[in-house]
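Take a look at the letters that make up each chain.
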Amino acid sequence: MKGDLGYSESNHAPIASLIADRAPETLRELAIGLAGGWFFGLALALPKRGFSVLAGLLLSLPTALIAYLCLREGATSYLILVIVLTPRIFRFARNLLAQANTALHIEMARARGVTEIGILLKHVLPAISPQLLALAAASVSLAIGAAIPIEAICDVPGLGKLAWNAAMARDLPLLVNLTMIVAVATTAATAVSEI
Amino acid sequence: MRTIAICFLVVVVLAALLPVRYEYQFRDSPNAGPSKQFPLGTDDLGRDRLSRLLYGTRVSLLLATAAATLSCLTAAVLGGIAGLGIADTVILGTADLFLSLPWLFLLLMVRAFLPLNVSPMVSVTITFLLLGALGWAAPAKVVRAAVRKLDGSDFMLQARATGSTRLLSKHLIPNVMPILWAQLWITIPAYVLAETTLGMLGLGVMEPLPSWGNLLRELEGGALHPWLLAPVLLLAAVVGSFQVILQREDYSA
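Line by line, the protein sequences give chains A and B.
If you're matching positions, the first sequence starts at 0 in numbering that gives the first Met the number 0 and goes up one per residue.
If you're matching positions, the second sequence starts at 0 in numbering that gives the first Met the number 0 and goes up one per residue.
Misleading hints may appear alongside valid ones.
Said to hold, decoys possible - When the alpha-carbon atoms are kept at most 20 Å apart in a straight line, the in silico SDA-like pairs for lysine to any residue are as follows:
| id | chain 1 | residue 1 | chain 2 | residue 2 |
| --- | --- | --- | --- | --- |
| 1 | B | K35 | B | L17 |
| 2 | A | K47 | B | L17 |
| 3 | B | K35 | B | L49 |
| 4 | A | K121 | A | L41 |
| 5 | A | K47 | A | A168 |
| 6 | A | K47 | B | L49 |
Since the hints were made in silico from the structure, they are not lab data.
These numbers were taken from a predicted model, which means no experiment stands behind them.
With the sequences and hints as input, model every part of the structure.
In structure tokens form, the structure reads like this:
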């Protein structure tokens, strides 16, 4: 075990240095995309109506197409990732909230005059937190998957663009290393959510 | 369901009636706007966009359905075997391995291991066999869970106690079928979207054969004319219809 990940023939550079150079941009993009996606996804899911049709439309389009269309309007890769993640988080969160709101103890709390915010903070969110944590892990995987077409189309020098270039050039050592890193990241996210 | 069936029938009938083949080049009129001869104009090689859209819709819809069927059959066999307790650890471990990677990343990696410069028909076969072969893991886990639940149910116990010899064909398979149908309806739109993304990234169906993926690459540069959005509308209508089916139908076993 020397930590040597090998040499990329297509980039004429050591794989470790390529990944170290590109990782910060992708990590920044994932952090902003996930934060924005979660913020807007949850904020839009809290009201009982609205956004469903637009979310359905966004979910009916592939990430690459959303990236094409948003890039034409001058959107950054961060914003595109937020737009891609928001409807996915929204749909799951809206279903969870709708199910939780039908529980008998919540109806009882509502009948006793507890405010909607009180019900949300004291009863609904604690009840659905395990599922939200599972969604948090799944959203990391979704974000990494979405980063490939977004970075490839927006020409962002991140790991997604590196993976796409490696696939186009059939640079298998680089792809295998990237795959291992992504597998470790998604598995770690899942493991953390299960603790 | 009705929208998808109508879309598909219209596409098949119109594609059969069209006088122009999808690969025919009108060299005198590249990048033409909509006209009586070319309702959606022509692309930069002078090919009729409407013919390419109709043919590409057939390619994308038919082959996504074929790939989804392949995935669901594989999932039914492997999930069923695992659910009955045979090679459960191996099958479950392999499924978890497949699911540990984001779907697009897995597709990209495996696609890169296969030849890239191939004929259009070979690229279609590779793309959809790849989708079919890699997408079995999630449905297999669902089928496994269903089979395990059914296998321990009271009616199976009673069937065993009465000496029934047709446990699989009479009791297990008919009860798993609704779950498999639901998985099929989930998988088809996912594969349509995956093919489109791969095509837009240049790793899907190769030119001159049209598919939704390579048709949408036209949006990458140049002016965004309304008629260029026809594939987008068709794609959104079809995938959206699948979402509506999944919301409305009750597939509970």
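Checked hints:
1. B/K35 with B/L17: At roughly 13 Å apart (the allowed maximum being 20 Å), B/L17 and B/K35 satisfy the hint.
2. A/K47 with B/L17: Not OK: A/K47 and B/L17 at ~47 Å, beyond 20 Å, violated.
3. B/K35 with B/L49: holds (12 Å)
4. A/K121 with A/L41: holds (17 Å)
5. A/K47 with A/A168: This hinted pair is violated, its Cα atoms lying about 48 Å apart.
6. A/K47 with B/L49: violated (41 Å)
Of the hints listed earlier, those the structure fails to meet are numbers 2, 5, 6, in rising order.
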